[in-house]
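A.B. asks: Chains A and B, in that order, give the protein sequences.
Going by this note's numbering, the letters in the first sequence line up with residues 1 to 640, in that order.
Going by this note's numbering, the letters in the second sequence line up with residues 1 to 429, in that order.
Keep in mind that the hints were calculated from the coordinates and are not lab data.
Backbone N, C-alpha and C fix where the C-beta goes; we use that ideal spot for every residue, glycine too.
Any given hint might turn out to be false.
What the hints assert, rightly or not - Simulated coverage check for chain B against chain A, where a stretch passes if three residues somewhere in it have a Cβ under 8 Å from a Cβ of chain A: (1) 48–62; (2) 66–73; (3) 333–345.
Stated by the list, open to error - In silico negatives: residues of chain A with every beta carbon more than 12 Å from chain B: (4) E33; (5) L334; (6) M608.
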Amino acid sequence: MKRQLPWIITGVFALWFLSTLRIPKPETFRLDEFAEVPVVFSGRHQPVDSLARNSLVQIRDRYTVWDAREKRSLSATEWLAEVMMKPETADDRRAFRLDHPDLISLLKLPLKDESRGEDGKHYSWNQISPGFKEIEDQARQILQTKKDESQRDAFDRSVLKLRNALTLYLRLKNTVHPQDTTNFTAELAAFEASITPGVAAVRDQQNGQAYDTNAFNSLLNLVGRYDVTVKMDGPLIIPPHHPERDRDAWSRMGEALMVHVRGEPLPASVGQWGRIATAFRTGDVAGFNAALTDYRRSLSGALAPELSKGRHETFFNHMAPFYTCLVIYVAAFLFAIFYWFNFAEWSRQTAFALIGLTFVIHTTGLIFRMVLEGRPPVTNLYSSAIFIGWGAVLLGMILEKFWRNAIGLVVASSLGFVTLIIAHNLALGGDTMIMLQAVLDTNFWLATHVVIVTLGYASTYVAGFLAIVYILRGVLTRGLDEATGRSLARMVYGIICFATLFSFIGTVLGGIWADQSWGRFWGWDPKENGALIIVLWNALLLHARWGGIVRERGLMALTVGGNIVTSWSWFGTNMLGIGLHAYGFMNGAFVWLGIFIFSQLIIIGMGMLPPQYWRSRRTANAKPTDPAAGLSRPVPAGAR
Amino acid sequence: MSAPATSPPSSGSKGPRRAAAAPATEPKPVPAWKRWLSPLSSLRLTVILLALGIVVTFFGTLAQTEDGLYVAQQKYFRSWFSVWSPHDLGWKWFKVPLPGGYLLGTLLVANLLAAHTTRFKPSWRKSGIFLTHMGVLMLLLGQLATDMFSRESRMSFPEGEWRNYSEDFQKTELAFLTDAGTNGLDLVVAIPDSLLVKGGELRHPQLPFVVRVQEFAENSSIRMRAPMVDTNRAPATSQGVGAKAIFQPVAPTRAMDKRNLPGAVIELVGTNGASLGTWLFALVLDEQEVGSGGTNWRATLRPTRYYQPFSVQLLKTTHDVYTGTRTASDPRGIPRNFASRVKLERPSTGERREVDISMNQPLRYGGLTFFQHQMDREEMERGGRGISVLQVVKNPSWLAPYLGTLLVLIGLMVQFMIHLVEFIRRRTA
Chain A
1 MKRQLPWIIT GVFALWFLST LRIPKPETFR LDEFAEVPVV FSGRHQPVDS LARNSLVQIR
61 DRYTVWDARE KRSLSATEWL AEVMMKPETA DDRRAFRLDH PDLISLLKLP LKDESRGEDG
121 KHYSWNQISP GFKEIEDQAR QILQTKKDES QRDAFDRSVL KLRNALTLYL RLKNTVHPQD
181 TTNFTAELAA FEASITPGVA AVRDQQNGQA YDTNAFNSLL NLVGRYDVTV KMDGPLIIPP
241 HHPERDRDAW SRMGEALMVH VRGEPLPASV GQWGRIATAF RTGDVAGFNA ALTDYRRSLS
301 GALAPELSKG RHETFFNHMA PFYTCLVIYV AAFLFAIFYW FNFAEWSRQT AFALIGLTFV
361 IHTTGLIFRM VLEGRPPVTN LYSSAIFIGW GAVLLGMILE KFWRNAIGLV VASSLGFVTL
421 IIAHNLALGG DTMIMLQAVL DTNFWLATHV VIVTLGYAST YVAGFLAIVY ILRGVLTRGL
481 DEATGRSLAR MVYGIICFAT LFSFIGTVLG GIWADQSWGR FWGWDPKENG ALIIVLWNAL
541 LLHARWGGIV RERGLMALTV GGNIVTSWSW FGTNMLGIGL HAYGFMNGAF VWLGIFIFSQ
601 LIIIGMGMLP PQYWRSRRTA NAKPTDPAAG LSRPVPAGAR
Chain B
1 MSAPATSPPS SGSKGPRRAA AAPATEPKPV PAWKRWLSPL SSLRLTVILL ALGIVVTFFG
61 TLAQTEDGLY VAQQKYFRSW FSVWSPHDLG WKWFKVPLPG GYLLGTLLVA NLLAAHTTRF
121 KPSWRKSGIF LTHMGVLMLL LGQLATDMFS RESRMSFPEG EWRNYSEDFQ KTELAFLTDA
181 GTNGLDLVVA IPDSLLVKGG ELRHPQLPFV VRVQEFAENS SIRMRAPMVD TNRAPATSQG
241 VGAKAIFQPV APTRAMDKRN LPGAVIELVG TNGASLGTWL FALVLDEQEV GSGGTNWRAT
301 LRPTRYYQPF SVQLLKTTHD VYTGTRTASD PRGIPRNFAS RVKLERPSTG ERREVDISMN
361 QPLRYGGLTF FQHQMDREEM ERGGRGISVL QVVKNPSWLA PYLGTLLVLI GLMVQFMIHL
421 VEFIRRRTA
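So that you can see chain A by itself, here it is in the shape it has in the complex (with noise of 0.2 Å):
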């Protein structure tokens, strides 16, 4: 039993994975086809369905609308059908995440009543719509009086947030029609009647002869509705009218109707989308399946690049292959943690297999990406840390193929969760996958700088997690024993070299992208001095150690410095706000990033106690003849 255990709790976490691939085929609307509905937004092609998440992870912090009422949560697109053509039942919807209790008493909005269905975190925009005003005032303020990101509090930062969502909402709002719209298809029918009297009468006016004011101000009235609606800078939902010369040339709703009052002829597109909000409106199911189905069809012909894309990207959001691999890591550090305590095999066998698939979901997720992106796996803040807990991953399973003592496991398993959780956070700000500056738009340096920058970084933190496990496990447990130790210091000073390599390369790569694309090998922006710091930290260590200044002991404490030294690079120089490399002000990880510093400066403190306070005491420590004890050794055959 015990021999087949592993291959059955990974089965069972396989079969479990492949149990939410399938997207559920509903029998009224067929909102998972509407998902998947081409759009642009954020400056890139997206299917319906990233719009509404990307959107509704910002309003709300989640990818989903739990009603309370109604005893169901809805999905983002869902979500997205009622504010696009169903506003006032989605107006209704508690989609606003308010975070601040102080704006929550601003706004005189219901505090927690379960009686009531109040939440107290949860609002919805006509709860929030009297106090409009008052948040327009409120941000306005903010923003004038407090125009460095760094001076704003809990509350200002709170202010804007839900500012943006109303912005956002409304936008989305105005998207397929003006949010007053009843019956969308009579309106376009009636815009449709009233251009060609509409045109002569402004002609006439124009011309100071007598003209039909009744025909005049219909046109002038249609025409000043979906102005403003276009003004809002809502996503573009109208496919380009000729593909053939120019892809890009998607526009507004608004826009397609004011080109055509110029006397161009309609886009199909606009009256499928009449068709579509029309019957999604009315209820009519059979109308609105086949309105889709109309609509899909147009555009496969030129546009069916956009429609896969679409139907990929949607097949990727309902994946998640990244929530996914955050539960196993989970389930695979028990495992590993657990072999420690008792030594069966078996344990350690199970987490790596669990290991073993997650790498593979992990792998398959970052594949996903760059092939929706057209782009190397590492091009934001998201990315990197996918890719760091992706390299991490690999550095840990390799060191377990030829230690076996469960160490690598361990790290593999806390650093693919540490890293998919900061992602995770990453991604409550938006579309994780918006288009890059000009300037960062070669692949060729993002597939070889970043990517290996982001390798070092990787290689780094397993290093300092090794460093960690040896640290703890010694003072606290009596675990440690010479051979672990012995084996843990040659794991990490093999690491540190292949961490030295890596973010070295990382970095003079990054000055030769600089001397192309600036004419400056090296300009001392905070990210550059970030990666230069990393790759002095672990030549100091190299070199500490070659000279006998450090021990096993010392080695370790400050390899976890690296850990520090890792993080302030990746996220402590964004945070300042300033150099090339800033992507802005992160208050909210400001604060985790203090306590992560904090948790290493105790652990190194720690790894400094002299051997006597730990409970794995260690005598080979003391030994001042031998200065890099054991660490050139090959592996006694206890350690295997």
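Using the hints, position chain B against chain A.
C.D. replies: Okay, now just chain B, sitting in the frame of chain A:
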């Protein structure tokens, strides 16, 4: 290596032995110069220097939030010593003395060279380390050479215009120009700001007057003098625009995206010793007529110009953004591509060609490299032409980091392979 510097000098017996081949049992005595070098070659020093390097880099980064990139760079990296203190006012008393980048670089180079002359014995096992160290040496020296010899300037022009010079964005010069008897071209006498700062009297054989610096401010504000309000404030100068203006030195700015606006009050003294009056010059002011009648001199304070033997004309600017990203809240959008099409002309060789300069696609010409830096557009009333700013870099030592990187890369690879082979051999043994 551990030279017994304190051991008593052995009597004569060593002399003849040294001449013969030293027996393996007794180490060859270390020559005096090596003994001197040995403390400099220690790994302990390397570790200390690397640690200080980390500290300086960290504080040099922190300081950028307050001082701006350029000042922080000068203060912490291009210096021998520096002092860091937190910018929160309450903590000003807290000071951290730091070694400067030059000091650390010099010591690292010395440490490296000393280690290789005293400690390292050439061996294949250490060949990777040797290559890596040579690469690091080249990187350090290359950076020093860049600091000393490279020059960055900018060429900024609207579509259609020609430039045969680029402008420094830190330094300024007081330029005197005349076109008397030079068939259309200007004769220029330029005084760099480094001389203006010192003040005093400046003479030049081609200037028919002596330049006396009364006041020079690194950053200044100038406003027109309001006749009814500023009754008790004298105008800045007796002549030119300054006669109607008030000149006010202000604290230099540290912000990365702003430049200082220097200004100067200058007195010109004729050859006969009589004053010709005072003038106000500033970066924000245009050229002014100066001197006594007949000489036809003009003067202006302007960014230091570097003239080239060729001219560049900006033909067309391209500024694409991603579809739909240019919005009311973000009028600049997400830039997708910046490009300038320019025409190059070199009268001396008859060269004449057009070329595109875009982001990540610089033009290398005449020992200079032209990079696309910024894009802008003129106000509509001025023609609405596209404006392009090119970064012009002269860096004779640009190859050094490439060679250094290559050496380190090969070195680390070699060392890595040597260790890997040993590791695998040991595991299989």
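A.B. asks: If a hint holds in the structure, say so; if it doesn't, say that too.
C.D. replies: Comparing the hints with the structure gives:
Residue count for the segment 48–62 of chain B with a Cβ under 8 Å from a Cβ of chain A: 9. That meets the three needed, and the coverage hint holds. Counting residues of the segment 66–73 of chain B whose beta carbon lies closer than 8 Å to any beta carbon of chain A gives 3, which meets the minimum of three for the stated coverage. Remark: the segment 333–345 of chain B is confirmed as covered by chain A, as 6 of its residues place a Cβ nearer than 8 Å to a Cβ of that chain, reaching the required three. The claim that E33(A) lies off the interface holds: its Cβ sits roughly 24 Å from the closest Cβ of chain B, which is beyond the 12 Å cut-off.
Separation of L334(A) from chain B is adequate, the least Cβ-Cβ distance of about 31 Å exceeding the 12 Å criterion. Residue placement check: M608(A) keeps its beta carbon more than 12 Å from all beta carbons of chain B (closest about 16 Å).
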